[in-house]
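Undergrad: Keeping their order, the protein sequence lines are chains A and B.
So the first sequence is residues 0 to 654, counted in numbering that gives the first Met the number 0.
So the second sequence is residues 0 to 111, counted in numbering that gives the first Met the number 0.
Hints are computed from structural coordinates only; laboratory data are not their basis.
Since this is a predicted model, take the numbers as computed values, not measurements.
Warning: the hint list may mix true and false statements.
With a cut-off of at most 35 Å between alpha-carbon atoms, the simulated DSBU-like pairs for lysine-lysine come out as follows [said to hold, decoys possible]:
(1) A/K135 x B/K101
(2) A/K286 x A/K365
(3) B/K101 x B/K81
(4) B/K81 x A/K321
(5) A/K38 x B/K81
(6) A/K48 x B/K81
(7) A/K51 x B/K101
(8) A/K48 x A/K38
(9) A/K51 x A/K38
(10) A/K321 x A/K365
(11) A/K163 x B/K81
(12) B/K81 x A/K409
(13) A/K274 x B/K101
(14) A/K365 x B/K101
(15) B/K101 x A/K409
(16) A/K51 x B/K107
(17) A/K211 x A/K321
(18) A/K447 x A/K412
Computed list of chain B residues with no C-beta within reach of chain A, every gap over 12 Å [said to hold, decoys possible]:
(19) S8
(20) I16
(21) N31
(22) S41
(23) N54
(24) N66
(25) F84
(26) Y85
(27) L88
(28) S91
(29) Y103
(30) G105
We put the CB at the ideal spot given by N, CA and C, even for glycine.
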Amino acid sequence: MPWTINNKSNEYPAPAISENSIGIYDSNICEFNLYDFIKSNAEETYRIKADKTSSIPCYGNLNGTNYIGDTFTVYVGTNINIDFLIQSGFWLILFSLIPTSSIKQITNIQISIVISLLLFILHLRSEQSFYELNSKIFSVNLVDNYLVFSLLITLCGLLLIFSKLLQNRFENVLNYFPYIFLLVGTYNSLNLNFFLFCFSFFGITKILQIRKLQFGLLVTLLVSRYWQIGEISEFLFFDVDKLKGFSSSSFVPDSIIFWSLMYYFFVIGLVFLVKDNIRYIQLEKLKNNFLISGTLIFFFSALSASGPLQNFFTYYYLGLNKTASNTFNSVSGNAWRGISSTAEGIGEFYAFSLLLVFCLGVRNKKFISNPFLILLIVINLLGLYRSNNFAAISTLFILSGFIYTHYNIKTFKIKMLLILLVIVIIPFAYYSLSTIPSLDDLSRNLIKESFEVSYLENLQTNQFGQTAIQENRFLEILQNEGGLDNISSSLEYLVEKYHYSDRDNLPNLTTVISSLAYPINRSEKWGIFIAKYDPDINSFLFGTGVNQLSNYYLNHPTKVNTGLILPHSALLSYLVYFGLFGVLLIVNLFIYLYIVNKSNTLYLVFMTFFLLNIIKSDSLLYINNFMLFIFILNIPNLFQTNRENLNSEEVRKYE
Amino acid sequence: MRDNYDMNSNIENICGISEITPDFESIASDPNFIFQVDENYSTIVLYNSDGSVINVNSWLECANYVNGGWFSSITDLINYEKRLFYGLLFISVATAFIELNKQYWGRKNSKI
């Protein structure tokens with residue numbers, strides 16, 4: 000509907016797009032609506048992009064065209080207020096499709112909405128530059144600012160309706176959790192996500208209700224205050240690109256406090272949603288929804304690649320962080336991400352869905368015979384294959400093998416033999432199939448990659464034209480580079496570790512990281528991270544703030560400062576966020592969870608799957624993968640508590 | 000640079016294309032400057048944010064006013080955000096009223 004309305008009735012039909020007619024579109028801005036354009040250009044080739052800065056009357060109308068490199072690009076007007084209204088409304092309608100359950104009363108709704116509104120104002124103020132790029136009339140001055148007033152009233156309505164919908168279907172929500180990968184929920188012109196605000200709102204209601212969570216809030220405020228004090232440089236704008244909705248676009252005190260609070264509220268909201276609901280999760284339904292969601296993702300990915308209109312609509316209505324792939328071809332012959340922002344992330348989703356299906360099948364000794372489900376599994380396998388996530392595929396196979404052995408082979412000796420076989424075969428196969436450099440080269444790989452992207456000018460060359468980097472004389476570079484301004488503190492540290500470590504037959508830190516990075520194809524990416532990561536001792540120990548990548552990315556310029564090149568490891572991203580101290584705390588939490596759940600095999604397998612994958616991927620920076628991870632972490636008792644804990648009446652009701 | 004491009008495109012959109020290169024600064028600095036009527040130019044009505052209306056009779060006159068922030072469409076005078084806000088406010092108040100009414104009658108009926 001919104002794409003067919005045009006209040007400036009144009010007497011002429013939209014012309015077919017060509018080099019000759021492009022002028023007509025450019026001189027008749029907002030005169031033709033998208034529907035008219037599509038009708039007249041069914042046979043033409045073009046791309047559709049959103050022009051986020053349009054006025055309200057121009058929403059859904061053509062706001063400009065471009066002709067670059069044989070491709071026409073058509074800009075369709077979108078507006079921050081209308082986007083917020085339409086996208087929220089659409090997603091609330093989809094949320095309402097979850098079947099109702101018995102009513103769960105959510106308390107403190109009003110005060111939680113007020114807190115959410117205040118947080119929203121803080122967000123708009125802290126990310127002013129982002130919003131100025133997305134609206135020509137955006138201002139943080141609240142006097143007569145109807146743009147902000149409209150956003151606030153929409154948010155208020157959104158949270159009220161969400162709370163009502165959630166209350167009525169609380170016990171069913173988690174069974175439909177896998178659909179967060181289909182419906183991502185990121186707003187077109189806001190650096191926010193539907194689920195982020197809704198579940199944070201739920202988190203706020205819980206915090207107001209439970210006293211010990213208020214202590215956590217106090218700690219969050221204190222830590223964010225520390226980050227604000229430690230902040231030296233301010234960055235008013237950082238292009239969040241595919242992280243839109245779950246990463247700060249500025250590095251200023253207000254954004255540090257906003258994202259710290261949102262992260263805390265969001266995690267609490269998710270954790271309590273899972274904890275309050277775990278006994279109502281129906282594993283069969285959850286498993287099927289994982290498969291259906293994966294199939295729908297593949298379907299919509301294929302649909303988006305089939306035409307520009309489909310591509311634009313999937314982006315807009317599914318709330319994608321960035322537009323879907325517009326071809327079926329893989330990126331550089333590598334991975335196909337489809338509607339997902341990240342091939343790695345969607346690969347992990349597919350692999351987890353299949354792992355869940357396999358594990359439940361093995362445990363229950365009940366394999367799928369339904370042809371429909373077999374078809375879904377095949378499509379999910381296809382999705383996994385196209386995502387080309389080797390780590391996810393290999394962990395899926397190894398862990399599936401482990402589960403099969405665990406449940407089907409009773410003899411301890413054979414079990415151990417098989418495990419040892421895998422432990423020996425994998426490195427052996429790897430060494431036989433790929434070219435492994437010598438140990439010395441392996442140790443130097445990471446440093447070399449880091450130096451390659453650091454701004455080092457006027458490096459002297461020898462008679463063969465080789466620089467000190469190529470000759471592996473790294474320490475010499477440190478000594479020659481006057482103030483070391485162009486070399487990050489982490490690179491400097493690793494070079495010194497490499498050269499000055501004791502020769503005690505133990506590998507030094509640089510060698511360990513470098514040798515680990517090589518076989519998992521992370522030498523280049525982690526090398527870039529080392530070149531860019533330039534913390535002082537405080538930010539190394541305690542980080543620079545949750546969802547704050549701008550300081551890491553912009554504070555120390557390197558040769559790769561265009562495009563969003565992420566650390567490619569959740570461990571490294573969280574090192575930027577929380578520092579070494581925070582990472583150690585998180586690692587401790589995982590160790591604790593492993594020890595406490597040591598007899599819960601399926602839980603350990605799922606956790607291992609995620610932990611192995613996030614070491615080499617950025618998926619935790621994306622909201623849906625993050626939500627899935629939190630979900631998995633909080634279901635240790637799922638396989639024990641599901642049906643057994645329900646009384647007979649409840650079982651009847653939920654079946 | 001971008002603003003300049005936007006303004007030029009705005010002038011083109013409203014006033015049409017012309018080969019004249021206007022010198023807006025000299026026009027603005029000359030209080031006695033008179034715009035010559037171009038008989039071949041069809042009169043265009045322009046508005047400003049105060050709601051004032053003016054008819055322009057030449058391309059240069061039109062470009063000068065558009066450069067000064069005048070626009071051709073009356074719809075540009077409307078503060079759509081304000082309208083949207085009041086629309087949303089009305090819907091919210093009406094919904095709240097209906098909800099409260101429902102609750103009130105629900106309670107009353109349950110007492111009976």
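Undergrad: Now tell me, hint by hint, if it's right for this structure.
TA: Do the hints match the structure? See the list:
Distance restraint check for A/K135 and B/K101: the Cα-Cα separation of roughly 42 Å exceeds the 35 Å cut-off, and the hinted pair is therefore not satisfied. For the hint pairing A/K286 with A/K365, the CA-to-CA distance comes to about 13 Å; that is within 35 Å, so the pair holds. A C-alpha spacing of about 30 Å is found between B/K101 and B/K81, which places the hinted pair at or below 35 Å, so the restraint holds. Of the pairs offered as hints, the one joining B/K81 and A/K321 holds, with about 30 Å between alpha carbons and a cut-off of 35 Å not exceeded.
Annotation: proposed proximity of A/K38 to B/K81 holds, straight-line Cα distance about 33 Å (limit 35 Å). For a cut-off of 35 Å, the pair hint linking A/K48 to B/K81 stands: about 27 Å separates their Cα positions. Taking the CA atoms of A/K51 and B/K101, the gap is near 40 Å; set against the 35 Å cutoff, the hint is violated. Taking the CA atoms of A/K48 and A/K38, the gap is near 17 Å; set against the 35 Å cutoff, the hint holds.
Distance check on the hinted pair: A/K51 and A/K38 sit about 23 Å apart at the alpha-carbon level, within 35 Å; holds. Pair hint A/K321 plus A/K365 does not hold up; C-alpha atoms about 40 Å apart against a cutoff of 35 Å. Taking the CA atoms of A/K163 and B/K81, the gap is near 28 Å; set against the 35 Å cutoff, the hint holds. Pair hint B/K81 plus A/K409 does not hold up; C-alpha atoms about 72 Å apart against a cutoff of 35 Å.
Proposed proximity of A/K274 and B/K101 is supported: the alpha carbons are some 33 Å apart, at most 35 Å. Between A/K365 and B/K101, the direct Cα distance comes to roughly 50 Å. Violation of the 35 Å bound is thereby established for this hinted pair. Between B/K101 and A/K409 the alpha-carbon distance is near 63 Å, which puts this suggested pair outside the 35 Å criterion. Taking the CA atoms of A/K51 and B/K107, the gap is near 49 Å; set against the 35 Å cutoff, the hint is violated.
For the suggested pair A/K211 and A/K321, the alpha carbons sit about 38 Å apart, so the restraint of at most 35 Å is broken. Under the criterion of a C-alpha separation no larger than 35 Å, the hint pairing A/K447 with A/K412 is inconsistent with the structure, at around 45 Å. Non-interface status of B/S8 relative to chain A is broken: a Cβ of that chain comes within 12 Å, the nearest being about 7 Å off. In this structure B/I16 is not separated from chain A by more than 12 Å, as the shortest Cβ-Cβ distance comes to only about 8 Å.
The Cβ of B/N31 sits about 34 Å from the closest Cβ of chain A, beyond the 12 Å cut-off, so the non-interface label holds. No beta-carbon of chain A comes within 12 Å of the beta-carbon of B/S41; the shortest separation is about 16 Å. At roughly 21 Å from the closest C-beta of chain A, the C-beta of B/N54 stays outside 12 Å, upholding its exclusion from the interface. Non-interface status of B/N66 relative to chain A is upheld: no Cβ of that chain comes within 12 Å, the nearest being about 17 Å off.
In this structure B/F84 is not separated from chain A by more than 12 Å, as the shortest Cβ-Cβ distance comes to only about 4 Å. The Cβ of B/Y85 sits about 8 Å from the closest Cβ of chain A, inside the 12 Å cut-off, so the non-interface label is violated. Some Cβ of chain A comes within 12 Å of the Cβ of B/L88; the nearest lies about 6 Å off, and the non-interface call is violated. Its beta-carbon lying about 6 Å from the closest one in chain A, B/S91 breaks the requirement of being farther than 12 Å from that chain.
Residue-level check passed: B/Y103 sits 18 Å from the nearest beta carbon of chain A, beyond 12 Å. No beta-carbon of chain A is positioned within 12 Å of the beta-carbon of B/G105; the least distance is around 14 Å.
Figure legend: structure checked against the earlier numbered hints; hints not met, in rising order: 1, 7, 10, 12, 14, 15, 16, 17, 18, 19, 20, 25, 26, 27, 28.
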